[in-house]
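Visitor: Chain residues, written in single-letter form:
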Amino acid sequence: MRSVETLRMDKFLAMGGFAQYVWPAYAAFFVILAGDVLATVVRRRRVLRELRGRLARQGTRRPRVSA
Amino acid sequence: MNAFKLWYHKLGSPPYFYVFAGYIQPWLWTIALLLAAVGLYGGLVLAPPDALQGDAFRIIFVHVPAAWMSLFVYGVMAVSAFVAVIWRPKMAEVLAMESAPIGAAFTLIALITGSLWGKPMWGTYWTWDARLTSELVLFFIYLGIIGLYHAFDDPRQGARAASFLAMIGAVNLPIVHYSVVWWNTLHQGTTVHYFGPSSIAPSMLWPLLLMTIAAKFYYGASLMGRSRVALLSLERGKDWVADEVRGDTAHG
Amino acid sequence: MTPTLASSTPPMIEARGLGFARRDEGVFGPLDFALSGGGIGLIEGDNGSGKTTLLRVLAGLLRPSFGTARVLGAEPGSETAREGTATMGHLLGLKADLSALENLRIGMGLYGHKPTPGPFAMLTQVGLEGYADEPVRSLSAGQKKRVALARLALLPARLWLLDEPYANLDRHGINLVNDLLTAHAAAGGAALVTSHGAVSFHQGVTCTVRLAA
Amino acid sequence: MSAASLGGAFRTMLVRDLLLAWRRRGDAMLPVLYAIIVATLFPFALGPEHALLARIAGGVVLVTVLLAMLLALDNVFRGDLDDGALEQMLLAPQPLSLLLAARMLAYWLVTALPLLLVAPVLAYMLGLEPAAQPVLLLALLLATPLLALLGIVLTALTAGTRRSGMLLSLMLLPLAVPIVIFAAGAVGAAQQGLPWVAPLAWLAAALALALVLAPLACATALRIALDT
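Residue numbers (my numbering), protein chains in the order written: chain A, 1 to 67; chain B, 1 to 252; chain C, 1 to 213; chain D, 1 to 228.
Next up, chain A with everything else stripped away, as it sits in the complex:
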């Protein structure tokens, strides 16, 4: 027995027979943008790790200041 809800869902997912084009298009949209966000998050972590290492290395010693 399939409920009306499931049938409607199936119809929605079938996209009038164009599911194999519509859903990959939406997937591409969200996956690529998610990749953009993820790249930023990963880069932020890496930069912060580098900066923390830099800070720990320098300790109390100040970087060369010239002005």
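Simulated from the structure, these hints should not be mistaken for lab results.
Sample of chain B residues at the chain C side, in silico, Cβ under 8 Å:
| # | residue |
| --- | --- |
| 1 | Asp154 |
| 2 | Glu235 |
| 3 | Gly237 |
| 4 | Lys238 |
The structure presented is a predicted model; accordingly, all values stated were derived computationally and were not measured. Glycine residues also receive a C-beta, built at the ideal position from the N, C-alpha and C atoms.
For chain A, the structure is supplied; the task is to place chains B, C and D on it using the hints.
Guide: Here is chains B, C and D on its own, set in the frame of chain A:
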């Protein structure tokens, strides 16, 4: 004018921009996600199937915003690049260079969704249609800018060189489009009518507009996030970065 | 503010608070010095203390990060400054495939200048008699340096910026550099020379700029 | 700065570059050899069918010439950068754009001119109609200097980087697209007996503009890439 100058100088200062970007970023994210949720519901569920294309036309809600954004981001990048080359403020370099990957992402989306839409409409994933071809060239322009930026050891020097390339690209882009359109009419074999719905009904217009605005807010949010990271890396010697890193460690 | 030599003519180089930073890390400066016609300035400092960078800033190849520099009364790198300045760097700028004479002619052509003791005589003067038509490729490092020195002397420049002119030179070569400097200063020119501890350096140094590492 | 000394500096640079090319004339022949090899491979890949080869001949020759020019582009500033001659050019009293204009002219004379000489031969071997031959030559005569001017501006931008061969192709492609379209369009139109003047007129207009702007843009690009 005075208010603009003040705004320009304040936001032009990296630590101020860092704080400002961090403050508005959650708002941009919230608006983008809300608009996208409503737009998607309207586009995928509420809008009726197109008379000729059936449900395949629903690709429009991701394709058209991405295609518009690919040009919009280029416009923003070109203006920042111009400022970066002429007056050399650090912020303009950062904004231009951090816009490029986002623009490339939108261009790639426009290419993929366009070809996925093309298959049911034209019977082929790729055709040398004027718009798809221009979009492909735009993608190469973005890749060239990103590649040149990373080819330099000094990121600021790379940013200036890539900004100059972005300016050349801004001049070149209309020429490419014009020449590709001309080329398309010359070789009539490949001329295809560009897809679009058979008629623009309000039921599909408002989701499209919402998705477009959502994409703009997404761009803003992503640009703020990227610029913040770039600033931390560029200003590593500065005290405000050290404070920020310590604060970040303390928070978690 | 700056200790200038008492002279009616404006100094050829004037630096006020001049400094350069790469990626927000200081390379040199702030520096205050002035060099007038007839003077020879020596830039001293260890490796990595920014000697070459200072010369590049004065030549207009790099923009100062802070402070100001005037070269021949003009902005470094401006047409006035470039017209009266000749430089010799680590890289001599000689084309290996061309002969010594051809290289000298190119240097003169770029400055649009035809001096009276011509390039041929100048090659003799720097001790390269008979090498005029030899491709620079086949010359030794010291001989290449002499070609570059000959080019320097042929150019109509009042100000010389020389990066390590003594490197690669034997005793005669060092004397040659000193002779050229003396003649240049006597003719009212000025020169700024870098060295990391020159042994047989020129006697008539009028100002010394020390760069700390 | 007198006009005489400007002309003198331009001539000095041009003579210098031609002399250098002459001393290494073997290297200068490499793009020509490359173009011959590429054009020869097409019949082997596509079959010797005359009608097909004749149809694509114009396009093949154009793309081949473009690729051959690209091959030589990477070396335009490499040598002068490595031995410090570029620095001497930057420091010379003459405007940098003038010296770069001489550099561009020399590049076209050394690289493109030999290609222009073999291009008709290659086109003939591929079976291009004799009627389209002059149009192809005219198209190349306009397209190659344009490519040289634009290509050298981009090469200047990559001057401060370590390796740039592939990057340069990527950067040049979007600029080459309109040039190839108009040049090949003119040849194609001539092959079909259609009017071919309009696309060539566009190329000529672009060339006129590039002749003025490219040396200035190149000077700016070089100063950015070398951080001056």
